[in-house]
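Single-letter residue listing:
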Amino acid sequence: MIKVRLMQKVMESNDAVAAENARKLRDAAVFSVDMMSAPGSGKTTILERTLDALIPALTIGVIQGDVDTTRDAERVQARGAQTVQINTGGACHLDAPAVAGALEDLDLDALDLLVIENVGNLICPTGFALGAHERVMVLSVTEGADKPEKYPAMFRSCSLALVNKTDLLPVLGLDLEAFAEEIARVNPDMQILPVSALTGEGMEDWYQWLRDRMAEGQ
Amino acid sequence: MHEFSLMGEVLEVVRDSAREQGIRRVHRIQMTVGALGCVFPPALEQAFGILRDGDALFADATLEIEERPVRVHCNACGWSAEGADARFLCVECGANAVEVMSGEELTIDGYEGE
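Respectively, the protein sequence lines represent chains A and B. Here the first sequence is numbered in the numbering used here, starting from 1 and rising by one per residue. Here the second sequence is numbered in the numbering used here, starting from 1 and rising by one per residue.
Just chain B, same shape as in the assembly (with noise of 0.2 Å):
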């Protein structure tokens, strides 16, 4: 449930730039999962559910996440994959030249607020 600290970093971090901005409520979060970050977005929605409970910055925020699929490209003979398809050696080829080209994501894309 690392999940939990993940989720107070990322509303200090919206909480800071909210009082650079002057906003003092926040409606929306956004933020990118990647399927390879060993992060659960059921989990960090419940951490979020209980994080802001009691906060009147973040009362009536949502969380919005967009969940991002593991998809890999060999460099070798150009073949790629993604989601459950992706492998981290060539299955075409066997080189070892697979780059990840997304899955890896874990960001605060941004917040709306007034």
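Next up, chain A with everything else stripped away, as it sits in the complex (with noise of 0.2 Å):
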């Protein structure tokens, strides 16, 4: 009998990958961000109006990940986004295997900023580093501000969190204090910008926040 102690990382050879992809978009200046949610949060909704906002002042890729269908793509390469679809195939989150292989079929040099839109779930992608600067959270208020205690890895692996669907603030009868002291309480060093992408209102916060994160990075 052979006993093998190894004390490695579960993570260990996605982790290598996910630091590969790091270089590779520090190497052409990309800065990236990998946003994370809960299925129908909004994040392609704010995606497309990031897009609107930003092109062609900026240059933008995205990383669609998607469990099934080129739908979300079609939505954000028609606006002007260079776009790269994963369908995972049933597969709950991306790994940085993945996203490495959409990097070989993006424009790098070309890009300013490229978002990774992860697989719409709070558990699964939590632990599988890609390789992007940041990890943002969409969180929307119609979700409930128990959320981010139920999903505590999840927020405590963001930087920032967009609470999005703001303007359905009245009609839920909740305010925004509620979300802001159940986010502190498990991540106290998140950043929390509200924002609809409905109505845009606070959304020039979102853009200022990622030219300010693009600046720090040159």
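If you're looking for bench data, these hints aren't it; they were derived computationally from the structure. For glycine and all other residues, C-beta sits at the position ideal for the given N, C-alpha and C. There's no promise every hint is true.
Incomplete in silico selection of chain B near chain A, CB under 8 Å [what the hints assert, rightly or not]:
id, residue
1, His2
2, Gly8
3, Glu9
4, Asn75
5, Ala76
6, Ala84
7, Arg87
8, Asn96
9, Ile108
10, Asp109
11, Glu112
12, Glu114
Reference listing, derived: stretches of chain A covered by chain B, where coverage requires no fewer than 3 residues with Cβ under 8 Å from a Cβ of chain B [stated by the list, open to error]:
id, region
13, 5-18
14, 37-44
15, 148-154
16, 187-199
For lysine to any residue, the following SDA-like pairs were computed, each having C-alpha atoms within a straight-line distance of at most 25 Å [to be verified]:
id, chain 1, residue 1, chain 2, residue 2
17, A, Lys150, A, Ala180
18, A, Lys9, B, Pro69
19, A, Lys3, B, Glu45
Once you've looked at the hints, go ahead and assemble the two chains, each given alone in its own frame, into the complex.
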């Protein structure tokens, strides 16, 4: 009988590819964000508005992760973004090798910003680093303020929360404070920006957040 | 069900190591899984049962998972808590100085075979 001690992280090979993705993006001076959320939070609508606001001042690429269909990819491609679709074929998350393949299909030297729209899921994508500079979470107010405490790992892995659909707060009888408090309980360092992708309220703060991060990187 | 891809990765790591060590049958695989790692141990076990099927290297193998609760410690006032009592903002002094001491583990600790 042989006992072998490994003490190896299960994510080690994914993390190695993620580090390689990060190096490629850095070398090409592309700032990148990995966007996470539950299904139906409004990620793609936020993205559409963002592309409308920032193109053509910026050249933007989008990697669209979806279990199936090219519907979201078609929506963002129509906005003038370089778009690569990854259909995970049932898998509940993107991983670093899938993103590495998608990076091959993008003209990185032409890009200023890359948005990776992850599969809508608050659990599975959490542990899979992709190599993006920042992880951004979209939480829509219709999901309720209890989500941070129910999915702490996801909220702790992101640096910014876009609290979306704020136009619905009066209908729901909720206020933003409740969301801010709940988020602070699981990730006190998380920055929060309230937005409505529908009305456009707050979206300028998000664009500025992106511009500031991009400027820091240069 | 990302546990399937994780378990597949675990078996590949063990397979590569077993090849290097000249091990032909693995008897036991040991892992540590933290409660904050978004990994559900029963789903890992289920994936293990399916993935090892028909694989001579793992035919007799068992999977042992050591589960680690979330343990937190406040670096400002010394408060600490575990499991369901764990919070990420100190409940004693309110400081944003809580450190996660355990609960984020997801490791292949080792294996036995011959």
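Going through the hints against the structure:
Look at His2 (chain B): its Cβ gets to within about 4 Å of chain A, closer than 8 Å, so that hint holds up. Checking Gly8 (chain B) against chain A: minimum C-beta separation of about 10 Å lies over 8 Å; hint violated. Hint on Glu9 (chain B) holds. Least Cβ distance to chain A is approximately 6 Å, under the 8 Å limit. The beta carbon of Asn75 (chain B) is not positioned within 8 Å of any beta carbon in chain A (closest approach about 13 Å), and the interface hint is therefore violated.
Given the 8 Å rule on beta carbons, the hint for Ala76 (chain B) is violated: about 12 Å separates it from the nearest Cβ of chain A. Contact between Ala84 (chain B) and chain A, as hinted, is not supported at the beta carbon level, the nearest pair being about 11 Å apart and thus beyond 8 Å. At its closest, the beta carbon of Arg87 (chain B) sits 7 Å from a beta carbon of chain A; the interface hint therefore holds under the 8 Å criterion. For Asn96 (chain B), the suggested interface contact is upheld, since its CB lies about 4 Å from the closest CB of chain A, less than 8 Å.
This hint holds: Ile108 (chain B) has a C-beta 5 Å from the nearest C-beta of chain A, less than the 8 Å allowed. With a cut of 8 Å, the hint placing Asp109 (chain B) at the interface with chain A holds, because the nearest CB-to-CB distance is about 6 Å. Checking Glu112 (chain B) against chain A by beta carbon gives a least distance of about 5 Å; that is within 8 Å, so the hint holds. Hint status for Glu114 (chain B): holds, given a least beta-carbon distance of 5 Å to chain A, under 8 Å.
A count of 10 residues in the region 5-18 of chain A with a Cβ less than 8 Å from any Cβ of chain B is obtained; the coverage claim is therefore met, three being the minimum. Figure legend: the region 37-44 of chain A, annotated as covered by chain B; annotation inconsistent (0 residues with Cβ-Cβ distances under 8 Å, at least 3 required). For the region 148-154 of chain A, the stated coverage by chain B holds: 3 residues have a C-beta nearer than 8 Å to a C-beta of that chain, and at least 3 were required. Against chain B, the region 187-199 of chain A contributes 3 residues with a C-beta closer than 8 Å to a partner C-beta. That satisfies the three-residue criterion, and the hint holds.
Using a Cα cut-off of 25 Å, the hinted pair Lys150 (chain A) and Ala180 (chain A) holds, with the two alpha carbons roughly 15 Å apart. Restraint check for Lys9 (chain A) and Pro69 (chain B): satisfied, since their Cα atoms lie roughly 18 Å apart, inside the 25 Å limit. Under the criterion of a C-alpha separation no larger than 25 Å, the hint pairing Lys3 (chain A) with Glu45 (chain B) is consistent with the structure, at around 21 Å.
Hints 2, 4, 5, 6 and 14, counting from the list given before, are not met by this structure.
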